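Undergrad: Below are the chains, spelled out letter by letter.
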Amino acid sequence: MKPYIEFARKTFINKMVYKFDYVVGIFNTCLQIFIFWCIYKALYGTSSKIDGISFSMVTTNFILCLGLSSTFQINDLFVQEKVNDGSIANEFLRPVNFKGRILAENIGSIIFGLIFNFIPALFVAIIFVGIQSPVSSLALLLFSASAILGFFILWQISFIVQMTSFWVINVWSISTIKNVFVNVLSGSMLPLWFMPRAVMGFIKFTPFASIYFIPIRIYLGDMQGNDILINFLRQMLWIAILYIIGEVMWRRGQKKLIVQGG
Amino acid sequence: MKNDTFSMFLYYTKSTIKSWFQYKIDAILRSFAVFLREATGIIVIYLTLLKFNNINGWNIDEMLFLFSLLFITYGILIIFFTGLRDFSRIIQNGDFDRIILRPRGLLFQIISINSDWFAAIGHGFLGITLFIVSANNVGIVWNLKTIIYYIFSVIGGVLIQGAIFLFFASLSFYLIKTDNLREMFYWNMRKFAGYPISIYHKFIQWILIFIVPFAFVNYFPAQFLLRKPDMAAYPTIFMYVAPFLGIALYLISYGFWRYSVRYYKSTGN
Numbered sequence: 044m045k046p047y048i049e050f051a052r053k054t055f056i057n058k059m060v061y062k063f064d065y066v067v068g069i070f071n072t073c074l075q076i077f078i079f080w081c082i083y084k085a086l087y088g089t090s091s092k093i094d095g096i097s098f099s100m101v102t103t104n105f106i107l108c109l110g111l112s113s114t115f116q117i118n119d120l121f122v123q124e125k126v127n128d129g130s131i132a133n134e135f136l137r138p139v140n141f142k143g144r145i146l147a148e149n150i151g152s153i154i155f156g157l158i159f160n161f162i163p164a165l166f167v168a169i170i171f172v173g174i175q176s177p178v179s180s181l182a183l184l185l186f187s188a189s190a191i192l193g194f195f196i197l198w199q200i201s202f203i204v205q206m207t208s209f210w211v212i213n214v215w216s217i218s219t220i221k222n223v224f225v226n227v228l229s230g231s232m233l234p235l236w237f238m239p240r241a242v243m244g245f246i247k248f249t250p251f252a253s254i255y256f257i258p259i260r261i262y263l264g265d266m267q268g269n270d271i272l273i274n275f276l277r278q279m280l281w282i283a284i285l286y287i288i289g290e291v292m293w294r295r296g297q298k299k300l301i302v303q304g305g
Numbered sequence: 679m680k681n682d683t684f685s686m687f688l689y690y691t692k693s694t695i696k697s698w699f700q701y702k703i704d705a706i707l708r709s710f711a712v713f714l715r716e717a718t719g720i721i722v723i724y725l726t727l728l729k730f731n732n733i734n735g736w737n738i739d740e741m742l743f744l745f746s747l748l749f750i751t752y753g754i755l756i757i758f759f760t761g762l763r764d765f766s767r768i769i770q771n772g773d774f775d776r777i778i779l780r781p782r783g784l785l786f787q788i789i790s791i792n793s794d795w796f797a798a799i800g801h802g803f804l805g806i807t808l809f810i811v812s813a814n815n816v817g818i819v820w821n822l823k824t825i826i827y828y829i830f831s832v833i834g835g836v837l838i839q840g841a842i843f844l845f846f847a848s849l850s851f852y853l854i855k856t857d858n859l860r861e862m863f864y865w866n867m868r869k870f871a872g873y874p875i876s877i878y879h880k881f882i883q884w885i886l887i888f889i890v891p892f893a894f895v896n897y898f899p900a901q902f903l904l905r906k907p908d909m910a911a912y913p914t915i916f917m918y919v920a921p922f923l924g925i926a927l928y929l930i931s932y933g934f935w936r937y938s939v940r941y942y943k944s945t946g947n
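As given, the protein sequences belong to chains X and G, one line each in that order. Just so we're aligned: 130 in our numbering is position 87 of the first sequence, and the numbers increase by one with no gaps anywhere. Just so we're aligned: 931 in our numbering is position 253 of the second sequence, and the numbers increase by one with no gaps anywhere.
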């Protein structure tokens with residue numbers, strides 16, 4: 044376990060160096076929240092509730108969703124860089140699990156994001172646009188647990204994208220296309236309450252709604268009792284399915300790998 | 679200006695396209711990815727307006743028309759101004775020294791040496807698609823007057839954004855890293871510009887009109903053609919200024935560039 048903690052710590056410290064970057068990061072998150080707040084203010088006009096969803100629920104959805112998504116930044120090009128310059132061969136020689144190492148580094152950068160991006164952005168958002176408080180302290184706890192599961196879903200998706208490095212030259216395109224799907228279908232740009240029914244029917248069969256929307260519904264008390272349990276199970280099921288896909292690709296990829304040169 | 683300017687521009691363009699399209703499948707996939715990424719905002723507004731019908735009186739077709747101006751102008755812009763977009767990199771890795779030594783105009787070389795064709799195709803195609811989809815449904819009477827206005831406002835829109843790029847490129851002579859500043863002022867303001875500016879707080883409107891004048895790239899030109907009621911909050915003159923503002927701003931930026939280029943110090947030693 045020790046080397047992995049060390050990997051996480053190193054990434055955390057590395058991130059500290061770029062001070063201007065995290066100021067910009069906070070600024071961008073707040074701006075994004077503010078834009079959506081303006082848009083929904085115009086859309087709501089004088090009505091207090093639309094489809095039983097109040098304006099403050101929408102605002103809370105955007106603050107938490109955008110806050111979490113700016114925290115859950117995963118470098119999709121990490122494996123590709125290693126494959127392209129051949130340094131992945133060295134990774135195989137190390138006495139640590141390569142997959143575990145990637146996860147450890149990403150967790151390091153996420154803890155950084157949580158402290159230096161999510162929390163400051165949350166404060167700014169609370170002061171300027173206001174956020175609903177969680178329905179209960181239990182809801183807040185369950186929200187945190189569910190958000191962590193959401194992160195693992197997102198991480199597994201990213202890992203699958205990274206595994207395509209063994210077959211395609213440029214992972215950037217695949218990563219970009221994936222991000223479009225995540226952004227649109229996870230509810231970070233359009234709250235899933237307002238998604239047309241046909242699209243919702245499609246989303247049901249994808250892991251995207253399990254990333255941010257389940258935790259946020261728990262936070263808002265939009266989901267209770269057994270529903271919470273079922274949705275926790277749904278998140279875990281997705282983690283398992285995506286894990287298996289990622290693992291198969293990782294095994295195949297290792298066999299397929301040809302490092303050029305030398 | 680030498681008389682081989684045009685043929686040289688074509689030659690540069692040919693070699694950029696060749697290098698971009700070396701890997702064909704990758705090139706196609708990359709164009710598609712850019713196209714999809716840029717379409718995200720439009721997909722979202724489309725889905726949103728299925729639910730809400732209109733935003734401050736703008737319906738879906740009018741919104742698409744507003745968006746189309748943003749994408750068409752960027753598609754044209756990036757054919758010519760990629761070099762300025764990436765200019766701080768040109769300074770950082772010392773390529774600018776090489777450019778100075780060549781017997782042609784500096785700005786001409788920077789403009790023609792590189793074009794981001796993926797962005798040009800992705801944005802341009804998207805912009806034209808949106809225009810075709812929306813132009814007939816928004817009630818614009820296309821006659822000589824409106825067509826001329828439209829063409830001039832597209833050129834104006836390209837030049838406004840070109841002027842912003844040129845301004846930040848000139849700043850690179852004083853500050854080595856300007857990417858973050860431009861990110862803040864250009865890309866973030868562009869996010870606002872996709873929507874009618876009347877939905878925003880007065881302060882944001884003020885920035886979009888007077889500081890980073892994106893309002894003149896799409897909002898005011900669209901207002902000239904659509905005449906939505908929320909135009910009442912702004913002076914009518916803004917609609918008529920829009921096509922010409924680009925030329926003025928570009929000339930100012932060009933002056934700043936000419937002035938700043940003298941301060942160039944190489945990053946190498």
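I should point out that these hints are in silico values taken from the structure, not numbers from a laboratory. Note that the coordinates shown come from a computational prediction; the quantities given were computed from them, not determined experimentally. Treat each hint with caution, since some may be false.
As the list claims (entries may be wrong) - With a straight-line cut-off of 25 Å between C-alpha atoms, the simulated DSS-like cross-links for lysine-lysine are: (1) X:LYS125 / G:LYS880; (2) X:LYS92 / G:LYS729; (3) G:LYS729 / X:LYS247; (4) X:LYS58 / X:LYS45; (5) X:LYS125 / X:LYS58; (6) X:LYS298 / X:LYS125; (7) X:LYS299 / X:LYS142; (8) X:LYS298 / X:LYS247; (9) X:LYS53 / X:LYS142; (10) G:LYS823 / G:LYS906; (11) G:LYS869 / G:LYS729; (12) X:LYS125 / X:LYS142; (13) X:LYS92 / X:LYS221; (14) X:LYS299 / G:LYS702; (15) G:LYS880 / X:LYS84; (16) G:LYS906 / G:LYS729; (17) G:LYS692 / X:LYS221; (18) G:LYS702 / X:LYS84; (19) G:LYS823 / X:LYS221; (20) X:LYS221 / X:LYS299; (21) X:LYS247 / X:LYS125; (22) G:LYS729 / G:LYS692; (23) G:LYS943 / X:LYS84; (24) G:LYS906 / X:LYS84; (25) G:LYS823 / G:LYS869; (26) G:LYS869 / X:LYS62; (27) X:LYS221 / X:LYS247; (28) X:LYS142 / X:LYS247; (29) X:LYS221 / X:LYS142; (30) G:LYS702 / G:LYS692; (31) X:LYS53 / X:LYS125; (32) X:LYS142 / X:LYS62; (33) X:LYS299 / X:LYS125.
Undergrad: Each hint: holds or not?
TA: Consistency of the hints with the structure:
1. With a CA separation close to 48 Å, the supplied pair LYS125 of chain X and LYS880 of chain G exceeds the 25 Å bound.
2. Proposed proximity of LYS92 of chain X and LYS729 of chain G is supported: the alpha carbons are some 13 Å apart, at most 25 Å.
3. With a C-alpha separation of about 19 Å, the suggested pairing of LYS729 of chain G with LYS247 of chain X holds against the 25 Å cut-off.
4. Only pairs whose Cα atoms come within 25 Å are accepted, and LYS58 of chain X paired with LYS45 of chain X is accepted, the gap being roughly 20 Å.
5. With a C-alpha separation of about 20 Å, the suggested pairing of LYS125 of chain X with LYS58 of chain X holds against the 25 Å cut-off.
6. Using a Cα cut-off of 25 Å, the hinted pair LYS298 of chain X and LYS125 of chain X holds, with the two alpha carbons roughly 16 Å apart.
7. Between the alpha carbons of LYS299 of chain X and LYS142 of chain X the distance comes to roughly 17 Å, so the proposed pair stays at or under 25 Å and holds.
8. At most 25 Å may separate the alpha-carbon atoms for a hinted pair to count; LYS298 of chain X and LYS247 of chain X exceed this at roughly 34 Å.
9. For a cut-off of 25 Å, the pair hint linking LYS53 of chain X to LYS142 of chain X stands: about 17 Å separates their Cα positions.
10. With a C-alpha separation of about 19 Å, the suggested pair LYS823 of chain G and LYS906 of chain G falls inside the 25 Å cut-off, and the hint holds.
11. Restraint check: the Cα-Cα separation between LYS869 of chain G and LYS729 of chain G comes to about 22 Å, which is no more than 25 Å; the hinted pair holds.
12. Our distance criterion of 25 Å between C-alpha atoms is met by LYS125 of chain X and LYS142 of chain X, whose separation comes to about 13 Å.
13. For a cut-off of 25 Å, the pair hint linking LYS92 of chain X to LYS221 of chain X is broken: about 33 Å separates their Cα positions.
14. About 22 Å separates the Cα atoms of LYS299 of chain X and LYS702 of chain G, which keeps this hinted pair within 25 Å; it holds.
15. Distance restraint check for LYS880 of chain G and LYS84 of chain X: the Cα-Cα separation of roughly 14 Å lies within the 25 Å cut-off, and the hinted pair is therefore satisfied.
16. Among the hinted pairs, LYS906 of chain G with LYS729 of chain G is consistent with the structure: their alpha-carbon atoms are about 21 Å apart, no more than 25 Å.
17. Taking the CA atoms of LYS692 of chain G and LYS221 of chain X, the gap is near 32 Å; set against the 25 Å cutoff, the hint is violated.
18. Distance hint between LYS702 of chain G and LYS84 of chain X is unfulfilled; the C-alpha atoms sit about 45 Å from each other, more than 25 Å.
19. Between the alpha carbons of LYS823 of chain G and LYS221 of chain X the distance comes to roughly 44 Å, so the proposed pair goes past 25 Å and is violated.
20. Of the supplied pair hints, the one linking LYS221 of chain X and LYS299 of chain X holds, its CA atoms being roughly 23 Å apart against a limit of 25 Å.
21. For the given pair, LYS247 of chain X sits about 35 Å from LYS125 of chain X by alpha-carbon distance, which is inconsistent with the 25 Å threshold.
22. About 46 Å separates the Cα atoms of LYS729 of chain G and LYS692 of chain G, which puts this hinted pair outside 25 Å; it is violated.
23. Using a Cα cut-off of 25 Å, the hinted pair LYS943 of chain G and LYS84 of chain X is violated, with the two alpha carbons roughly 49 Å apart.
24. The hinted pair formed by LYS906 of chain G and LYS84 of chain X meets the criterion: a straight-line CA distance of about 19 Å does not exceed 25 Å.
25. About 30 Å separates the Cα atoms of LYS823 of chain G and LYS869 of chain G, which puts this hinted pair outside 25 Å; it is violated.
26. Restraint check for LYS869 of chain G and LYS62 of chain X: satisfied, since their Cα atoms lie roughly 24 Å apart, inside the 25 Å limit.
27. With a C-alpha separation of about 17 Å, the suggested pairing of LYS221 of chain X with LYS247 of chain X holds against the 25 Å cut-off.
28. At roughly 29 Å between alpha-carbon atoms, LYS142 of chain X and LYS247 of chain X are farther apart than 25 Å, so this suggested pair is violated.
29. Taken as a hint, the LYS221 of chain X and LYS142 of chain X pair is honoured in the structure, with Cα atoms around 20 Å apart against an allowance of 25 Å.
30. Distance check on the hinted pair: LYS702 of chain G and LYS692 of chain G sit about 16 Å apart at the alpha-carbon level, within 25 Å; holds.
31. With a C-alpha separation of about 18 Å, the suggested pairing of LYS53 of chain X with LYS125 of chain X holds against the 25 Å cut-off.
32. Between LYS142 of chain X and LYS62 of chain X, the direct Cα distance comes to roughly 29 Å. Violation of the 25 Å bound is thereby established for this hinted pair.
33. Taking the CA atoms of LYS299 of chain X and LYS125 of chain X, the gap is about 15 Å. The hint holds against a cut of 25 Å.
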